[in-house]
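Peer 1: What follows is each chain in one-letter form.
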Amino acid sequence: GAVVSQHPSWVICKSGTSVKIECRSLDFQATTMFWYRQFPKQSLMLMATSNEGSKATYEQGVEKDKFLINHASLTLSTLTVTSAHPEDSSFYICSAAPFNEQYFGPGTRLTVT
Amino acid sequence: GQQVMQIPQYQHVQEGEDFTTYCNSSTTLSNIQWYKQRPGGHPVFLIQLVKSGEVKKQKRLTFQFGEAKKNSSLHITATQTTDVGTYFCAGRTTDSWGKLQFGSGTQVVVTP
Chain W
70 GAVVSQHPSW VICKSGTSVK IECRSLDFQA TTMFWYRQFP KQSLMLMATS
120 NEGSKATYEQ GVEKDKFLIN HASLTLSTLT VTSAHPEDSS FYICSAAPFN
170 EQYFGPGTRL TVT
Chain A
0 GQQVMQIPQY QHVQEGEDFT TYCNSSTTLS NIQWYKQRPG GHPVFLIQLV
50 KSGEVKKQKR LTFQFGEAKK NSSLHITATQ TTDVGTYFCA GRTTDSWGKL
100 QFGSGTQVVV TP
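Here the protein sequences line up with chains W and A, keeping their order.
According to my numbering, the residues represented by the first sequence are 70 to 182, in order.
According to my numbering, the residues represented by the second sequence are 0 to 111, in order.
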């Protein structure tokens, strides 16, 4: 199978600060990674598609200046939540699809106080 | 835009019973995938269906893709406590390379 890791697994930050979440493909290369957000008891909502070496593609309604995505290498994509607010508290999950099906990272639980 | 709905939203099952969760898309899908997410965990891929009318089985789980490729179902027989979790279908259209539209999910609770 394919293994995707995320770091950190959970983070608490103060309102107004920025938080960076890393997503790594451990045993394969990923030219494309996906970032999702999941609120409690809800489904996964695709935020953006991260493309290695080029700009990310954001879904409608997702602020690209607030959720900065960088895919600098074939094994690493980062999501930075800038000027975080309590409403940004959520479960952020990345995934990659090396074999068509998507392999998800373990997720990052963000709490903004 | 494309919408994928699942029913029921919540399913309470007695251990040993069978149940079915249904997935409906507003648009025709090129394929559909099913994922299981345990409480506190991340989604784990279960299966992919591609062909119209396709049926696949994994032990006690039976997955079906509708003839029109707009709906799908997951049937679990003889439910066990290990089946607890939320089951998501996720559809892909022909013009959404790599992107999946996740359904609303069915949360399954199993009582012994």
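Keep in mind that the hints were calculated from the coordinates and are not lab data.
Small disclaimer: the values here were computed from a predicted structure and weren't measured.
Note that the Cβ used here is the ideal one computed from N, Cα and C, for glycine as well.
Mixed in with the good hints there might be a few duds.
[What the hints assert, rightly or not] Distance ranges between label pairs, derived from CB positions: (1) A:Arg59 / W:Ser87: 41 to 51 angstroms; (2) W:His154 / A:Val54: 44 to 54 angstroms; (3) W:Thr86 / A:Lys56: 26 to 36 angstroms.
Peer 1: None of the hints should be skipped; say for each whether it holds.
Peer 2: Tested hints:
At roughly 46 angstroms, the beta carbons of Arg59 (chain A) and Ser87 (chain W) sit within the given window of 41 to 51 angstroms. For the hinted restraint 44 to 54 angstroms between His154 (chain W) and Val54 (chain A), the CB-CB distance of approximately 47 angstroms keeps it satisfied. Separated by about 49 angstroms at the C-beta atoms, Thr86 (chain W) and Lys56 (chain A) break the suggested range of 26 to 36 angstroms.
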